[in-house]
Amino acid sequence: MKPFAPLAALAALAALPLLGVPDYHLRLIAEVLIYGVAVMSLDLLIGFGGLVSLGHAAFFGVGAYAAALFATHVSAEILLVVPVAVLSAMAAALVMGALVVRSANLFLLILTLLLSQMVWEVVFRWRAVTGGADGFRGIPELALTLPGGHLALGGPVALYALAALLAVAATVLARSFIEAPAGRALIGTREQPLRMTALGYSVPRIRLTAFVVSAAIAGAAGALYPFVNQYVGPQVAHWTTSASLFIMLVLGGVATLYGGYVGAAIYLGFQTYISSYTERWQLVIGLLFVATVLFVPGGLGRSLKSLAASFRPQGSGAAVAGAEKRRVP
Amino acid sequence: MLGRGIGRRGFLASSAALAAGAAVSGPLAGRALAQAGRDELKIGLLTSLSGPFAALGESMRTGLQLHLQGVGGSLAGRPVRLIVEDDHAKPEEGVRKVRKLLTQDGVDIVCGVVHSGVALSIRDVLASANALTFISNGSANNLARKAASRFIFRPTKTNWMLGSTAGTWAAEKISKKNAITIAADYAAGREYVEDFIGAYKAGGGQVARQMWTPFGTTDFAPLLTDIAMAKPDLVYCFFAGSDAVRFLQQWQDYRLAGRIPLIGTGAVFDQEDVLPAVGPGIKGAVNAFHQSPTAPAPGAQAFVELYRKAHGRLPGEMSTSGYATGQVIAAAVDAVQGDLTNKDKVRDAVLALDLQTAYGPMRFDPANNQAILDVYINEVRVGSDGKPVNQVVHAYPKVSDPGDKA
Amino acid sequence: MEYVVIQSINALVFAVILLMSGLGLTVVMSLMNFINLAHGSLVLLGSYVAVFWLAIGAPWYLAFPAAFLSGAVAGAVLDRFPFRLFYARTHLMQVLLTFGLSVVFADLMRWGFGAGVATPRLPDVLRGVVFILDTPFPVYRLFVLGAGALLALGLWYLFDRTIWGAVVRACVVDRGAVESLGINTQHVFTLVLALACGLGALSGALGSGIMAAYPGLDEEVLILAFIVVVVGGLGSFSGLALSSLVLGFAMTFSKMIDPEFSNLMSLGAAAAILIVRPNGLVAPVTRQV
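Protein chains in written order, with my numbering: chain D, 1 to 329; chain S, 1 to 406; chain G, 1 to 289.
Derived DEER-like restraints, expressed as beta-carbon distance ranges: (1) T72(D) with E2(G): 49 to 55 Å; (2) N33(G) with R205(D): 28 to 34 Å; (3) P296(S) with D258(G): 42 to 48 Å.
Simulated from the structure, these hints should not be mistaken for lab results. All residues carry an ideal CB built from backbone N, CA and C; glycine is no exception.
Model the full structure from these sequences, guided by the hints.
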């Protein structure tokens, strides 16, 4: 199942534009994928690391602004823009991670909130560079330099393709991190930090690594973000964006990597479509969220999986469900 | 769970999936149906119905709906379908909704926008789609300068028009020295203060100090204490929404009302959205505004009467903006007999308009599609019912934004 | 010199506002180990109750008890469902539940009370000024300063010096032992939650004269309250008082030094405290998430 899944996802994603899905929806799905990647990276911290952070928008935002600034002032070559954004986000994570290593639980939550709000303040006030509250407009289209010439990557299909590629690559990267010794150690620090320290692991270093890896992925997602709407504003680094990522994660399922995509789809879908039908869309999302927490605390993504599992014949289903079951926090 | 069928979790999950699926495919189906009503004139109103500007956005919608009601719901013989979308006062959401309005709903005209940030963020999408747009409120200066676009019209003021008028008045009529400015530190605040200072200095004025407050300040106490101790000759302020209410309230609390002349612009003294919450204690304060419930122009008087009959209160900027936008759109559509296919012709029609709108007289500047309006100096007075009213004491006629020459 | 004095009083008033907002939150957090992110909604509810009470012309001094009662009733209802199910759950689940509820409440209040800004019509006796060193200072702020300080002292006395307070603290440590003494701990928790929610609403009512009531206030107050409580260290009134003072002075004086960067400076101060003292200013032990 494991090697099959990413290929199947890739095939499904590739099929969508061929099915004649209209441009507007392709852009929306691209946004869902980008947010999904960001949420998935947050899952690495919260779900697998037990580090509940409300500062993730800082990484996403730094990636977004780095990409927008680089594309506008230096070059819109995608093979340069994305690494620049990733490196910027990783740098931010090094700083933030180093400052929060000794904190846990509520204190970590508040400290990450404070630090990321400081990032927002800088973005908001540095008008000369970031455009301040107005945001950043007039971003050029991404381009890919091939031996034959330039390939413009501004259209909805191109953006969608980039987002899909990002999603698959990020998921593969995240999954390999989780299964690598570093990732296993991270899960260990979530479960038993004292025992890990006794075994000689450096818990602060493991956590810092988690921050940096998670920020790298979030930064990559942030890199594509300004090009979807040809605009980036300080909202992208605000704590309410961190809270939205958190909501998406819970809706989709904590500690399941794909839960990020499910949550992002539900949240953005509701936000865009429900608000067309009623002004009370926030009430609807709130109620959905509360219902999820009350009745399906594992997240809706996880129950989709168990729904799929329940259709499988008894034997293998039980094995899959048992192996995949995570302890509900 | 496996043996007993789907179970509760599975049910919830599948309903969520179905809901998501329906949400996606629903509008797809709706699009096919929409094309059936050919004669329909589809107008998309992008406004803020949630978030910090919800009250303002609702007023704007009310104003536009009032106008459409008044013309019987059809323009130049075409029935109007108004599609209202909420941008949550967030630029990114504004872009999403505009794309939806243009591609999915296929609107003929886009109008509205409360927040300047949203206006700036959607400008590129609108420009590349060549969409006929009427920005009802987003008053960032840039839209009349570098970000102006061929088919984007703005039937309202720019921040410059108000800020510089206030500066001219202050230098002439209040004092030429020892002025303090205090404003919320974001794009609009920055523009309003810069433009005020520019005109104030040109009139011979001297600014002693500029104070900036973080957006969303709850407590102005330390700054008001500073002001009280500095004893300036006048204070120029700009805040919006709840900031404005709080500032004016606390201005009274610290006994500065009536002792230090206060002048503001724009939404700080809005008749509908700010003054009722602040009360009559703020009388004597002055503001430069393109809207006033006591504006002498016949168009304005007619609207005030109409609004008072319909809603029992005096209109503020937002409801007026919705109504005026309706008036401009109606005039333009009438001028081309309802045929919007040739956008250049529509543009010419708009630029040829000379209307009496709910603000007052309005024309458009062909250089940047920006409205030319009379800017009034309002003084807050106490009406016979004990409630505060913006009373026009002077009008600067036909103020036009200098555009790129600024 | 008088400038510093006046600004210090301003800072004290703001500190008291922070303290009051944090009280309701810390009562449940320290005494029931429950994180209530719907606290902001209760503050906003209290603000609206005060605004409406004063608008209809009822006796002004009853506005505040009315707000307290409304919060307490809301708290009692919430305790019954769904909070009771979550007292034993982890902090994360409590955060998620109460956060979702706060979104629901925010929209319901916006629906019910409208989206505009509502200011209370204060009685004349509270609207005057007092002259401190030749500068006018609003009476209402001094009223809030006094009321808040009294409230904090009263609460401290209640929980630290009375039998009932001891029962509550015992419930947190060992609920079973208290039950075996014949005391219904369920009732105790309900009362504590009602008290905390009432406190939240009361702080909203008192603050409404300075900050007004409008959608969005709940979020702003919640974040401030949370920061103040956590920076102070959980489970301690003295920690809360200390962090309110520190943050109140930081926010006020940073506005004087450079209003543009005051937010950045205040955030930095709070962050610095948490970096240097990862468990807050006055630090006891908490349960794992």
